[in-house]
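Undergrad: Spelled out from the first residue to the last, the chains are:
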Amino acid sequence: MKKIILISILVMLSSICLFYGCKKYVNGSGKYTASIQIKGSDTIVNLIQVWAENFVKQHPTYNISVTGGGSGTGFASLINKTCDITMSSRQIEDKEALLAKGNNVNPVEFKVGLDGLVVLVNKNNPVDRLTLGQLRDIFMAKITNWKDIGGIDLKIVILSRESNSGTHMFFKERVLRHNDKNSRDEFSVHSLMMSSSQAIYDEVLQNPNALGYVGMGFANSDVKVLSIAIDDKGKYIYPNTENVLNGSYPISRPLYLYTNGAPRDVIKMFIDYALSDEGQETVVKTDFVPIKK
Amino acid sequence: MQKVLDLIIEKIIFICAIASIIFVILIFSFLFKEGLSFFKNYEVSKFIGGHFWYPSSDPASFGILSLIVGSVLVTLGACAIAVPIGIMTALFISEIVPKGARDVLKSLVELMAAIPSVVIGFVGMITLVPLVKSIFSLPTGLTAFSGSIMLAFMAIPTIVTISEDAIRSVPRHYKQGALALGATKWQTLRRIVLKAAMPGIIAAVMLGISRVIGETMAVMMITGNAAHIPHSIFEPVRTMTATIAAEMGETVRSGMHYKSLFAIGLVLFLITFLINFIADLFLGKNKNT
Amino acid sequence: MIKLNPKLSQKFSYTLLCLAAIFAIVPVLLMVFIIIKNGASAISWEFLSSMPKDGMRGGGILPAIIGTLSIVSCAIIVTLPIGVCAAIYLNEYAKDNIFTRIIKLAIVNLAGVPSVVYGLFGLGIFVMFLKLGVSIIAGALTLSIMELPVIITTAKSALNSVPYYFREASLSLGVSRWQTIRYVVLPNAIPGILTGAILSIARISGETAPILFTAVAFYVPHLPHSIFDQVMALPYHLYIISTQIPNMPKDVIYGTALVLLMMVLTMSCVAIFARIYFRKRRKW
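These protein sequences, in sequence, are chains X, Y and B. Per our numbering, the very first residue in the first sequence carries number 61; after that it's consecutive. Per our numbering, the very first residue in the second sequence carries number 7; after that it's consecutive. Per our numbering, the very first residue in the third sequence carries number -5; after that it's consecutive.
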């Protein structure tokens, strides 16, 4: 009987020792001087994560935790004062700015990169270009079969992001509502709300009927990226770095960081790092478009 | 001195017992408070009966009918698979296999119950989803059906363990009586044992259902999350649990969207409360026989 | 209706039952096999003991392992004493009155609440109301409330299995009630309580939904320093690397799944073997 208790206490103690041993071994000796929280868009969470990783490598005494969830989530926690930096793939909304004011939060905006939203289809899909109007009709389920837009006779599977994702909001405003503030158009209820961009990519990869939109960072040569024209008279533009940077690709957007008030200390250091040459190189590496060449 | 110490310890023990009631009341009142303040601004009938879930649009629409249908459909699908298989497995383990193998099988079933739902979701996403898509030639494999299959594997251990207990607690003389009258083993099993164990088995099924309906990660990863009322089980659905998990992150505190998720939580809580209550009634009945 | 030969129908039914059991167990074994087969190549000492790098596509999963361990150990430290005390009350002190029934009903209902609802509750109470923030302690408290009914139930049945005449013998010697419990009942019930606790630990190690809003981060470059830090956790890490990160090497995902699975299964196995061992050695 006593033996059991003794053994369990020993196991607990040794695991605690192991725990702290590991900590020493990985962290060096110690305490960090400051800790910041970054929260927000799943689109750029991967970019921010790499930034955080490299930033901490240079400044090992700082701690940065990065959490995804969506741009709305990020703003919400900036307003609730539970994070220091919000990463967002859209600008703050009037509604959110108002809430922030009410909570004594003063959001300051930094543009840190650009992102083109690419429309993906499976490699075996013959369709390779669409107009914004066709895209809108597809996502509102007015066009439901690939044969209506030059494909084979198959039902279109529409993939969209969750409603709290900045990508979702941006696509809705840009493609479905054509930037018209009074429009009430919504994604068709038949669209699959995927919980992440990677999930959309994965589904498109193995499903020849699927069509979805993701940030440029998620596309690669295993899927087909469509060229998009503003209308049927316009030129079809392929989303690449150049076309996003010069603004000719119609579905692109800036990426932002927001802080509460002018950034100070570590927060300032981190944002400076993001805008530095090295930081912008990371932007390229994670397949976004840097704001500076 | 010893007496005072005893008294203090007994009081501490008593307080700990009350803690569980306090937690239930806390959870309930908390959900109720947040959910109720949602219903102040939004009609209950529009919430339960509304077809559209557009929580962040302007004006927002908070209809959870499609989410309820989604949850129910996935749950029914999972039950259709898990209930017969679960009960049959329980019969097999308790009455047919020899004693040595029985312990091994029971431990195996218990281990099955321990597999985390993210792992089940992950494996389902990579193996089952493409399979379902190609076998039924569907537009997508992310359907209620795939969700049901994976969830069935999470409900089976619960159903097997509890119904096995019920079957084994059937008094031995029932069986001996039937066998003495010349019934075959199977006849005894089907007509006597199964009937006597029925309340326990129903309780097992109820607890299985409650596990499935509350399951979150696996459904979020494999059911497609399309918030519409499906026409068949081969269409994507979105469940209540997945909605909460996907959208809660940290919606603006005290905003309508935030409260609406608590209202969904309240609905879920009430549903599982009811199911567990029924299961408990049946379990109590089983003990009396 | 054709009346089947009872012998034949028995044979037929037995085969059917056997098939059902195979159908229930084999797919799960297959699932485990798939994970082991694809994940084994990723497992190395470095994978288990270093920080993630290259946008989490390389390096190890140490912070996630440590995160899960710290959340779970905090949770069990909170829930075990409360749960065992509650079980002692219910089994040893409580009379069968309306009050006891309410407690029992409360426990049954706590056990049935979906884990995501616990997450909501934890977010509202611990993270926001008590201002603990998204932290180990908030997640641990959420998990401990979730696990409380399971601990109470298993501890209660362990206490219940101690024969009644043990207590009678002790009480008849003039020993007080608490001392009887302390020196006679508890020592005999400890193995049962411990196995129950280990099974609970295994179960909460794999939970994602309750810690989703209360404890975890997508990425933290350091290991946690205090219980008020945000951490990475294995189940959540598996969730994000399998759904969120582009071009994630598949073997890293399988490797993470394997580590999580092994952690949970090892603990469950230990509990199950311990139970068998103690049952054999039981003196009554």
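The hints are simulated quantities; they were obtained by calculation from the structure and are not laboratory data. Careful, some of the hints might be misleading.
[Said to hold, decoys possible] List time: in silico EDC-like cross-link candidates among lysine to aspartate or glutamate, alpha-carbon distance up to 16 Å:
(1) Lys345(X) with Glu162(B)
(2) Lys117(X) with Asp292(X)
(3) Lys207(X) with Asp197(X)
(4) Lys89(B) with Glu16(Y)
(5) Lys17(Y) with Asp48(B)
(6) Lys202(X) with Asp245(X)
(7) Lys274(B) with Glu16(Y)
(8) Lys98(B) with Glu86(B)
(9) Lys202(X) with Glu169(X)
(10) Lys98(B) with Asp286(Y)
(11) Lys117(X) with Asp48(B)
(12) Lys328(X) with Glu169(X)
Undergrad: It remains to establish, for every hint, whether it holds in the given structure.
TA: Hint check results:
{"no.": "1", "hint": "Lys345(X) with Glu162(B)", "in the structure": "violated, 75 Å"}
{"no.": "2", "hint": "Lys117(X) with Asp292(X)", "in the structure": "violated, 50 Å"}
{"no.": "3", "hint": "Lys207(X) with Asp197(X)", "in the structure": "holds, 14 Å"}
{"no.": "4", "hint": "Lys89(B) with Glu16(Y)", "in the structure": "holds, 14 Å"}
{"no.": "5", "hint": "Lys17(Y) with Asp48(B)", "in the structure": "violated, 55 Å"}
{"no.": "6", "hint": "Lys202(X) with Asp245(X)", "in the structure": "holds, 12 Å"}
{"no.": "7", "hint": "Lys274(B) with Glu16(Y)", "in the structure": "violated, 32 Å"}
{"no.": "8", "hint": "Lys98(B) with Glu86(B)", "in the structure": "holds, 14 Å"}
{"no.": "9", "hint": "Lys202(X) with Glu169(X)", "in the structure": "violated, 38 Å"}
{"no.": "10", "hint": "Lys98(B) with Asp286(Y)", "in the structure": "holds, 10 Å"}
{"no.": "11", "hint": "Lys117(X) with Asp48(B)", "in the structure": "holds, 12 Å"}
{"no.": "12", "hint": "Lys328(X) with Glu169(X)", "in the structure": "holds, 12 Å"}
Hints 1, 2, 5, 7 and 9 from the earlier list are contradicted by this structure; the remaining hints agree with it.
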